[in-house]
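*Asks:* As a plain string of letters, each chain reads:
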Amino acid sequence: LCPVDKAINEKIQEDTSSLSFAVTGCTCGSACGSWDVRAENTCHCQCAGMDWTGVRCCRLQAA
Amino acid sequence: LCPVDKAINEKIQEDTSSLSFAVTGCTCGSACGSWDVRAENTCHCQCAGMDWTGVRCCRLQAA
Amino acid sequence: LCPVDKAINEKIQEDTSSLSFAVTGCTCGSACGSWDVRAENTCHCQCAGMDWTGVRCCRLQAA
Chain V
539 LCPVDKAINE
549 KIQEDTSSLS
559 FAVTGCTCGS
569 ACGSWDVRAE
579 NTCHCQCAGM
589 DWTGVRCCRL
599 QAA
Chain G
539 LCPVDKAINE
549 KIQEDTSSLS
559 FAVTGCTCGS
569 ACGSWDVRAE
579 NTCHCQCAGM
589 DWTGVRCCRL
599 QAA
Chain P
539 LCPVDKAINE
549 KIQEDTSSLS
559 FAVTGCTCGS
569 ACGSWDVRAE
579 NTCHCQCAGM
589 DWTGVRCCRL
599 QAA
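Protein chains in written order, with this note's numbering: chain V, 539 to 601; chain G, 539 to 601; chain P, 539 to 601.
Isolated chain V (complex conformation):
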C-alpha cells in the first residue's frame, strides 16, 4: 500500500471507530403507533397497557 492510500485508510478507520447507534424508528405492542424517543436512545410508547417496544437503529457518526 502506498503512503497516500495508507493515510486514507487510517482516516477511515478513525472515523469508523467514532460511529454509534442512532434510533431511526420505534414500534410498540398492541398495534400502538404513537411513540417518542427519549434521551436519543430509548423508544417510549405512549399508549396505555404497553407490554413491549422495539427499535430500529443504524450505526452513524455521532454529531
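Calculated from the structure, these hints are not laboratory results. Errors might be hidden in some of the hints.
Same chains, same label: a pair holds when it works inside one copy or across any pair of copies.
What the hints assert, rightly or not - Taking lysine to any residue and the SDA-like style, the derived pairs with C-alpha atoms no more than 20 angstroms apart in a straight line are:
id: 1; residue 1: K544; residue 2: G567
id: 2; residue 1: K544; residue 2: D589
id: 3; residue 1: K549; residue 2: T591
id: 4; residue 1: K544; residue 2: A569
id: 5; residue 1: K549; residue 2: N579
id: 6; residue 1: K549; residue 2: A600
id: 7; residue 1: K544; residue 2: R576
id: 8; residue 1: K544; residue 2: T554
id: 9; residue 1: K549; residue 2: A577
id: 10; residue 1: K549; residue 2: C581
With chain V held as given, fit chains G and P onto it using these hints.
*Replies:* Just chains G and P, lined up with the frame of chain V:
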C-alpha cells in the same frame, strides 16, 4: 498536518457540508401506525382525527 | 486533479459502490403500529387483517 492529511480532511469537510436530513420514520397521535412520507420531508398520518405527528431524521448525504 | 485527490476520490467511489439499502422504519395498514423487520429486508406487520405495509430505507454502508 502533512499535505495528504490536509487533502483528506478537506474532502471530509466538503462531504459533510453536503449532508441533509432524511426522514427515517414517522409516528402519529391516537396510536396510529399508518403513515407515509410526502416529498421526502413530511410525515403524513393516515388515520382520521389526527392531532399530531412526529418524525425521526438522520443527517445523511443527499443522493 | 493531483494524485492525492485522485486517490481520495477513488476510495470514495469504492466505498459508495458498497452501499446498500437498510430498513430504518416500517408502517402498516389499519393504523397498526406493531411491526418487526425480518431478514433485515422485510417489514412484517403484526396486526390481524393487514392489507399493506410500507418501509423507509436509507442507503448505508453494509456492516
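*Asks:* It remains to establish, for every hint, whether it holds in the given structure.
*Replies:* Hints and how they fare:
Proximity of K544 and G567 under a CA criterion of 20 angstroms is satisfied in neither setting, with 49 angstroms inside one chain copy and 50 angstroms between copies. With identical chains, the CA atoms of K544 and D589 are never at most 20 angstroms apart, being 50 angstroms at best within one copy and 52 angstroms at best between copies. In this assembly of identical chains, K549 and T591 lie within 20 angstroms of each other by CA distance neither inside one copy nor across copies; the values are 37 angstroms within and 39 angstroms between. In this assembly of identical chains, K544 and A569 lie within 20 angstroms of each other by CA distance neither inside one copy nor across copies; the values are 51 angstroms within and 52 angstroms between.
With identical chains, the CA atoms of K549 and N579 are never at most 20 angstroms apart, being 27 angstroms at best within one copy and 31 angstroms at best between copies. For the identical chains of this complex, K549 and A600 are neighbours both inside a copy (16 angstroms) and across copies (19 angstroms), given an alpha-carbon limit of 20 angstroms. When the C-alpha separation of K544 and R576 is checked against a cutoff of 20 angstroms, the pair qualifies neither within a copy, at 40 angstroms, nor between copies, at 38 angstroms. With identical chains, the CA atoms of K544 and T554 are at most 20 angstroms apart both within one copy (15 angstroms) and between copies (19 angstroms).
In the homo-oligomer, the alpha carbons of K549 and A577 never lie at most 20 angstroms apart, since the shortest distance is 29 angstroms inside one protomer and 32 angstroms across protomers. In the homo-oligomer, the alpha carbons of K549 and C581 never lie at most 20 angstroms apart, since the shortest distance is 33 angstroms inside one protomer and 35 angstroms across protomers.
The earlier numbered hints that this structure contradicts are 1, 2, 3, 4, 5, 7, 9, 10.
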